[in-house]
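Number of protein chains: 2
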Amino acid sequence: MAHNRTLGLYCDQTISVVYVVGSDLLINSNRCAPPGTDFFSVKCTPNVQYIISPPPQETSHLSPLPLSGDSMIIVRMSHASDTENESKLSVRYYGSDKKVLGTARLYLTALEISLDVDADRDGVVERNNPNKGSWKWGPNGHGAVLLVNCDCERTYWKTPDSEKTYISKVSDLKDMSLMVLRTRGPAKLPNDYKLTLHISQSDAESVRVFRSKLTGKQNVTSYSFTSFLNDYPLVLSREVLSQEVPYLGGDAEINFYVEGLRFTDKDFNGLISVNLSVLEPISERVPETPIFTDKVVFRVAPWIMTPNTLDPLEVFVCSTADNYQFLKGMKNFVGKSGHKLKICYEYMNRGDRWMQDELEFGYIDSPHQRFPVVLDSPRDGKLQDFPYKELLGPDFGYVTREPDRENISSLDSFGNLEVSPPVTVNGKNYPFGRILIGVAFPTATKGRNMTKVVQDFLWAQKVQDPIALFSDWLYVGHVDEFMTFVPAPDRKGFRLLLASPDAAFKLFRRLQSNGHGEAKLFEDLTDEESITVDEILNDDSFHVQNMYVQSCINWNRDVLKRELGLEEEDIIDLPILFKLVVGTKHQDAYRALAYYPDMVNMIVLGKHLGIPKPFGPKVDGHCALEAEMCSLMEGLGLKCTFIDDFASYHKLLGEVHCGSNVRRGMFDFKWWNLEM
Amino acid sequence: MAHNRTLGLYCDQTISVVYVVGSDLLINSNRCAPPGTDFFSVKCTPNVQYIISPPPQETSHLSPLPLSGDSMIIVRMSHASDTENESKLSVRYYGSDKKVLGTARLYLTALEISLDVDADRDGVVERNNPNKGSWKWGPNGHGAVLLVNCDCERTYWKTPDSEKTYISKVSDLKDMSLMVLRTRGPAKLPNDYKLTLHISQSDAESVRVFRSKLTGKQNVTSYSFTSFLNDYPLVLSREVLSQEVPYLGGDAEINFYVEGLRFTDKDFNGLISVNLSVLEPISERVPETPIFTDKVVFRVAPWIMTPNTLDPLEVFVCSTADNYQFLKGMKNFVGKSGHKLKICYEYMNRGDRWMQDELEFGYIDSPHQRFPVVLDSPRDGKLQDFPYKELLGPDFGYVTREPDRENISSLDSFGNLEVSPPVTVNGKNYPFGRILIGVAFPTATKGRNMTKVVQDFLWAQKVQDPIALFSDWLYVGHVDEFMTFVPAPDRKGFRLLLASPDAAFKLFRRLQSNGHGEAKLFEDLTDEESITVDEILNDDSFHVQNMYVQSCINWNRDVLKRELGLEEEDIIDLPILFKLVVGTKHQDAYRALAYYPDMVNMIVLGKHLGIPKPFGPKVDGHCALEAEMCSLMEGLGLKCTFIDDFASYHKLLGEVHCGSNVRRGMFDFKWWNLEM
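These protein sequence lines map, in sequence, to chains F and U. The first sequence begins at 1 in this note's numbering and counts up by one. The second sequence begins at 1 in this note's numbering and counts up by one.
Simulated from the structure, these hints should not be mistaken for lab results. Idealized CB from N, CA, C, for every residue including glycine. Certain hints may be false.
Only part of the chain F face toward chain U is listed, based on derived beta-carbon distances under 7 Å [what the hints assert, rightly or not]:
1) T6
2) L65
3) F268
4) S513
5) W555
Just the calculated beta-carbon pair ranges, DEER-fashion [claimed, not checked]:
6) F:S283 / U:E569: 27 to 35 Å
7) F:A627 / U:T14: 51 to 59 Å
8) U:N191 / F:E518: 34 to 42 Å
9) U:E569 / F:K188: 35 to 43 Å
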């Protein structure tokens, strides 16, 4: 971005300046004219162009022109100089008799300069993109992308790379955005002119810039650590906002590596500018003047969650002293669906089995690099070291938010953080779906909530505009207790599954009317008292409890329909019953728990569903709940596997989904192509 | 905003609900059907409308319809009910032989509800504006406006009204935005339904809501303080996010008064939502369900500065022990221009004469109220009490920002905060002009700056998008030392005046060449050594100093041309010389001071300019600098008055502008009509 520059000349003096190709030098021809001047003439070397504004009436510039009030000489050059002070321009002043009264001289050294980034987002740093200084969303947008360097190149003594002020491995460069300073000009700059790279104080919280001292031909693959530090010095950081960078002379390129330090959040809109200025020295004791500034703008890539409709890559579960049965079921199920099961062992999980609750998998994406990033929940159960110690690593990022620990509730577990498949709502596209979190009613004078710092983080990512659901009616309080999404071959490509006491009662009444009133729930469980369909249907209090549960789910159903643009046909009600309990921790309010294993709390691996085995009433030796579930899912081409999680999960108030986590593939769609 | 609501019916039970007119009730007709149901029929009272979706193939609804899988009954009512449970709908279920198997009954009480604000910005609260729940800039925009209640109704024991949690005077209501809850329905709500008003935790930092208990006919002008507190109870605040509001029955209105508490800032985008929900009770120990929520959105009015081109209303100066001469000049000048001079006396100013530096006048505007607001500088000299103790009052607001005191520099004085007249830049309109502040070069590794909290505040106001100029080259460091704006009858309606050493040297050389080299500056000043034009022109070091000053002003000239869309013809150079001094406080850098009274530091009252008397060289008994100034200004129809500020201001490093302040009229243009 070359701007115009006002320049003063002085009669009988020679001014020597650096000129940046693309800019205009504006010289007031009258300002330094000696008294008595009536005419002036301009002379210059061939590589300098000038015009006089307003244009003189004389057609020839060869003879002196009459000097008018404020006529400007506008000087321009089209190519870099080969030597210092190579080009010249002089203004000569004459009296009424054309006698020379004086001459003002200007020596020019022309430079071509551009600070370049991948503003067109094709993975290559183009030359001087006209839009590099701003950022625009959309397929016709522009602006470079920066990743938070939140992975860790080391596999030992781990800490996210963004916390280190040096580049420790060549592979780390891939996680940064390349920025190239291209210059063309004489071998050296005249008169102590300097180039400086600079950022603002507020941007310095979010970005670091390293320089590569290597030229294109040097091999960077085999380096000792010390020479590496020398080759990639830190240029800009929180401590250094402005630093001189070398002018190499001739036709040169210097590579810089720009590292993102923090995700967009409530107090950071994600945009970062890096500036390159040419500084003109004046004298030792006054600041150097920036005569030209080039600016590039980056946006920090958002953290993106992955819905159930994306391909699964890895399934994570915990091994504990008591969950052998469950693990066996999971191994069988994951094997059947053809995916990889990763087990977190007890030395790491310390008995904490709630793999869903401790972390959420997501990713970050840029035209030059993409990798998964785990969001670590502020829940911090005994599994708390797992995301940092096991997941963080090369090309596997880590992010967390530190809340006020007193305000942490069960709603901060990430069973309470889900994401829908892509949707279109009233014409607005959400190609990454929308984030779903559970909170208390906004009207509630008391109630649990997801902690503010995590909510602020999620909202700030913007590309999966969150929806707040009501989950505080549940004892545990997670949205995954009453809803999930499964892929579907038709309509919007998915169905929303909702727990439905009404659907369960309808099923149970049908069983009763078909003569199965004596069929027992929990029949095959040794430690659980069984109960018949008749007994359930005769319990009026239990029915009233479930009417309340249904009204809570209905409230969420209405919000989901509205905010995800769903129709009735996009929703499937699953027969699930709840019971109300009083939690001493929760201000003595009644809150709900699944009465039998909560089938909606399933794990989705492509067309394979791993569903908590409900232990429902049997008809002809087959569980009627499993049969209903299979019949509802089979129409969508989905295969149900029922996994026994009763003793080791259900009785501890969670199910299959709570006890597992799935890392999935990334979207093909690029977030910067969103229209925002 | 009435949304659809999913409702469950239960066979052989009666459900009684409140219905809000405008919403749809969605009932799954199959869900509660008894086993063996083949047909169903729907019956309702005349004021209830329903449709069945998907529509049944039978044309008549009189005979029972076949019950299909998931057919929905969609219920709607168009008018409020006169009595509780006035309307009824029943769904009857039949077996294959049309034998009745059961009936589900619904009792309905219909309400009309709307929370209303002045979303069309005409000063009147209209009924149920469809856009009241969002905010859009521009003449075709919508959304209500909120003022920060930063004035003080009391004239004693002053504190901004927004710091009080009660309404102390009826006049305070004018500063708040009226919000009306309109309801229509039966005398009372059935079954303990409630209305509640609520805000989010983050919005509660920025807004307070009071209720009026008075009905339209009550006279509110003569009240005792105590009854006033009773009549206008606080409803929502930082402490109470959700509170029940009464349902009055019949056709009713309740007035609320919404008070803004803080200006838009880095961490607050200015938007605030207030919500009204209808709560459905379930049981004592579970939260009440919001079955309907209406939302209104306000934007807090920005603080707007007033440029020199607006009509002056009041001129403020300080009276000190030594400024009699200056005060006399100011009285004469202000009297001549027909305006009011207000003097701040010594008991208040304690010898601090820099009225410009301690405060900046601005205003806030809404469709229902507007008033001036003083921004108090963090400078806090001995004048620091003046803005709060003297200016704050009824319909005169006050705002300040508390910085880290260690970081306060001379650049935090508001001689360093100015605003341009309205401009259009590359097609973008700035009908309120643009704010101008002075800082160090962005490339400077050290230097003074305006403190961050004030900069954040100014940038956040958005409607006068600030421009950062370079003022750290000046010893005092204020933009008003090198620039001002004066009205003009042509072109853009104003001229930018810039101090120009080059213009001064040109003038001095002309004087010399016309035989006035011996003419003396400062001749009439008893305590100042005079100096001749020849001596000035022969001082090479002085010339070099002024070349540096000119280069600094040129830098600002280029920024101002670019950011205000100015051409050369919009700028007038004033002949002013500077000298460089070394300030011990400023890291020993050279910085500039005006060499003779700095004529650009003037006060502009319409066509009258109050200019520091320069004491320049005399030609034929007339000051050549005054003559040049007059000749430059007269073409614009402006009248110059030169005010002697030499001893009591210039020698103390300020001039007329630094020592005065002008409160001006407001713009006719409404800020909400800006296209952003």
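Output the indices of the hints that this structure fails to meet, ascending. 2, 3, 7
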